[in-house]
Amino acid sequence: MTPILEARGLSRSFGHVRALDGADFDINPGEVVALIGDNGAGKSTMVKALSGNLQLDDGEIFFEGKPIEMTNPQQVSDLGIEVVYQDLALAPHLDPAQNVFLGRELPAKGILGKFGFMDNKEMRRRARISFDELGATVRSLTTPVGSMSGGQRQGIAIARAIAWASKVVFLDEPTAALGVVQTKNVLETIKRVRDRGIAIVLISHSMPHVLEVSDRVQVMRLGRRVTTIQTKDASVEQLVGAMTGALDFSEGSAL
Amino acid sequence: MTTTSSKSQAPASLDDGPGSESLIRRLVNLQSVWILGVLLVIVAYFAIAGGGKFFSASNFTQISQNISVLAILGVGMTFIIITSGIDLSVGSVLVFASVIAAKVMQGMGGTSGGAVVVGILAGLVAGGAWGWLNGFLVAKAKIPPFIVTLGTLSAALGLSQVITSGLNVTLDDSSLTDFGIYTKVIGIPGLPFVALIVVILGGILLHRTKFGRYTYAIGSNAEAAKRVGVKVDKHLIQVYCFAGALAGVGAMLYLAQYGTTTIAGQSLTNLNVIAAVVIGGTSVFGGEGSMFGTMVGLFIPAVLQSGFIIVGVEPFWQGVAVGVVLIAAVYIDQTRRAAALRGARSSRSSKKLAVKK
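Sequence order for the protein chains is A and B. Numbering that gives the first Met the number 0 numbers the first residue of the first sequence as 0 and each following residue consecutively. Numbering that gives the first Met the number 0 numbers the first residue of the second sequence as 0 and each following residue consecutively.
FYI, nobody ran anything at the bench for these hints, they're computed from the structure. Please note: incorrect hints may appear among the correct ones.
[Unchecked claim] Some chain A residues well away from chain B (every beta-carbon gap over 12 Å; in silico): (1) E5; (2) D20; (3) D23; (4) E81; (5) D86; (6) L101; (7) F116; (8) S203; (9) Q237.
[What the hints assert, rightly or not] FRET-style restraints, in silico, Cβ to Cβ: (10) A/E132 to B/L270: 27 to 37 Å; (11) B/I187 to A/Q54: 36 to 46 Å; (12) B/G322 to A/T70: 33 to 43 Å; (13) B/I203 to A/Q74: 40 to 50 Å; (14) B/V323 to A/L111: 41 to 51 Å; (15) B/V184 to A/R195: 35 to 45 Å; (16) B/I162 to A/H15: 32 to 42 Å; (17) B/Q61 to A/L105: 37 to 47 Å; (18) B/F145 to A/Q74: 55 to 65 Å; (19) A/D57 to B/I203: 48 to 58 Å; (20) A/R127 to B/F145: 50 to 60 Å.
[Claimed, not checked] Over 12 Å on every C-beta distance to chain A, these chain B residues come out as not near it, computed from the model: (21) V40; (22) Y44; (23) I81; (24) Q105; (25) I146; (26) L149; (27) S153; (28) V161; (29) S174; (30) T208; (31) G228; (32) F291; (33) Q317.
Backbone N, C-alpha and C fix where the C-beta goes; we use that ideal spot for every residue, glycine too.
Excised from the complex, chain A in its bound form:
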């Protein structure tokens, strides 16, 4: 199978720090790949590189088998790739529906749409549908998201990504701030989205969550992918060992 998204030999330095040092990555359609690594291993930089938010020093990115240049986030969105950032990137003063459609507002019907008027009713209706599909409980579509709980905001951010992503979703630490039930919701959501054929990249420090939902785990250390492990063969010890370097894998050996 051709990976939907593949990176080969990505490198990027910030001053003296090599954040990415010839890193590889690949994910197939409908697959959940966990991207793990210790702090500073290059996970976030990798996400930035694969979402058009980072200029690369070196390396190639392939989308559906074809080499592409990722120049800006807009272009990457148009490909059907969405990112849920750790800070969620919601506008706290806007309501959930406004956030879901921010930057992609539906124009009002007819001539008014040409003047920049928006179809708020339709946007609210569709936002409601995305929240319901996700099982996200968003109690009010007209309250600013800044006044909502962490779980609700997380739900809104994920719903927004899923509403627009047709190919790949990146989730950066989606469960870090959540309670038990909300976490379970997010993990269920990941499975449901995967079943629709969308590829999911899960960045997480929580090994149990990684083992529960992922198909493969790619471990990063010091700016490279040190190994890829099939989740069904993996254990927490093995993952932690790979992350810290206690277990030595030569690149790709565990594929």
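Please build the complex by placing chain B on the supplied structure of chain A, with the hints as guidance.
Leaving out everything else, chain B in the frame of chain A:
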């Protein structure tokens, strides 16, 4: 709304049931609504204390005449403050635009319709150009808006003085001043009518269009807006440019009203406009505000001024009263907002959604 932080972590808080925010409650939470109450109380007081003199058509015409220019500036200022910016240069830009317009009209003969039209256009372009410069420096050079507009405040006024050698330019008998003094549109005097149109259009632009939505989004979380593809820099330049052009419109009304430029007369205009916008519930931290609030915020100082004169209080007290209202309005707004956010923010969450300081 006011669940404790521990409870917001609990599963139960995931579903508070639909409709827990009633319309009334949302209205109560809007600062512009209760500030309207304050305005009504002030009006009621003067109506009783001042009697028919306060509640006369001529008095209200006077009041609306006085705030026409400020209202137009307030429209632009509302947009800018919602982006979490500020524009201190409005008064100077107004002076500059009026000088350019008056000079052009004078140069072309002054009284004819054509000269007035060209003069008006020149004034609007002059205002828009200063606004563009403000926006460019804020968005592209990343200089804080306070500093940028403090600079252009000084520069625009200085250039106006250079152009005129510090002497006001007076227009005699132009059709512009005729409009300001005699024209009435559907019973409303010309200047308030123009202001009303600008305010309504500005309100629609802010509350109903994508342009307005992006203005809120940028003030709320510029980084988030950027990530979803909003062209933040371009939008900021447009907002400042729009505000500058509106200062040009304000300058035209001024010329129409007084028939002369007022080089020395606009030193407090910026502060009056900012005070009105803030009293009206627009947050100086950005992301929040309304055109309606700004209009209410404009009426409070104007009504106080006319009321004090009628009741026989020294009008100097108006400044004191406005200052008190301004500080009280911001304090209450701040407290209310903090209360609304308390409990919503989970204590375990280390991430701060509000990136704004």
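Hints, verified against the model:
The beta carbon of A/E5 is kept farther than 12 Å from every beta carbon of chain B, the shortest such distance being approximately 23 Å. Interface exclusion of A/D20 from chain B stands, the closest Cβ pair being 26 Å apart, more than 12 Å. Under the 12 Å C-beta cut-off, the non-interface status given to A/D23 relative to chain B holds; the minimum distance is some 25 Å. A/E81, annotated as away from the interface, has a beta carbon of chain B within 12 Å; the closest lies near 10 Å.
At the 12 Å boundary, the C-beta of A/D86 falls inside the reach of chain B, the nearest C-beta of that chain being 5 Å off. Annotated as non-interface, A/L101 brings its C-beta within 12 Å of a C-beta of chain B; the closest such distance is 5 Å. Taking the minimum C-beta to C-beta distance to chain B, about 6 Å, the non-interface status of A/F116 is violated against the 12 Å cut. Under the 12 Å C-beta cut-off, the non-interface status given to A/S203 relative to chain B holds; the minimum distance is some 15 Å.
At roughly 29 Å from the closest C-beta of chain B, the C-beta of A/Q237 stays outside 12 Å, upholding its exclusion from the interface. Our hint of 27 to 37 Å for A/E132 and B/L270 is violated, since their Cβ atoms are close to 51 Å apart. For B/I187 paired with A/Q54, a C-beta distance near 57 Å fails the hint of 36 to 46 Å. At roughly 51 Å, the beta-carbon separation of B/G322 and A/T70 lies outside the given 33 to 43 Å, and the hint is violated.
Look at B/I203 against A/Q74: about 32 Å separates their beta carbons, and that is not inside 40 to 50 Å. The hinted window of 41 to 51 Å between B/V323 and A/L111 holds, with their beta carbons roughly 43 Å apart. Checking the proposed 35 to 45 Å range against B/V184 and A/R195 shows it is violated: the Cβ atoms sit about 58 Å from each other. A hinted range of 32 to 42 Å is violated for the C-beta pair B/I162 and A/H15, which are about 54 Å apart.
With their beta carbons about 45 Å apart, B/Q61 and A/L105 fall inside the hinted range of 37 to 47 Å. Against the hinted window of 55 to 65 Å, the Cβ-Cβ separation of B/F145 and A/Q74 comes to about 35 Å, which falls outside the hint. Hint check: A/D57 to B/I203, Cβ distance near 50 Å, so the stated range 48 to 58 Å holds. Checking the proposed 50 to 60 Å range against A/R127 and B/F145 shows it is violated: the Cβ atoms sit about 41 Å from each other.
Distance check for B/V40 against chain A: the nearest CB is about 28 Å away, which clears 12 Å, and the non-interface claim stands. Non-interface call for B/Y44 relative to chain A: holds, since the shortest CB-CB distance, roughly 34 Å, exceeds 12 Å. With a closest Cβ-Cβ approach of about 9 Å to chain A, B/I81 is found to fall inside the 12 Å limit, against its non-interface label. Non-interface call for B/Q105 relative to chain A: holds, since the shortest CB-CB distance, roughly 37 Å, exceeds 12 Å.
Distance check for B/I146 against chain A: the nearest CB is about 25 Å away, which clears 12 Å, and the non-interface claim stands. Against the 12 Å criterion, B/L149 stays outside the reach of chain A, whose nearest CB is about 27 Å from its own CB. Taking the minimum C-beta to C-beta distance to chain A, about 33 Å, the non-interface status of B/S153 holds against the 12 Å cut. Consistency note on B/V161: stated as away from chain A, and its beta-carbon is indeed over 12 Å from all of that chain's, at 39 Å minimum.
Every CB of chain A lies more than 12 Å from the CB of B/S174, the least distance being 31 Å, so the non-interface label holds. For B/T208, the requirement that its beta carbon stay farther than 12 Å from each beta carbon of chain A is not met, with the minimum near 4 Å. Chain A draws B/G228 into its interface by the beta-carbon criterion, the shortest separation being 4 Å against a cut-off of 12 Å. At the 12 Å boundary, the C-beta of B/F291 stays outside the reach of chain A, the nearest C-beta of that chain being 17 Å off.
For B/Q317, the condition that its CB be more than 12 Å from all CB atoms of chain A holds, with the nearest at approximately 32 Å.
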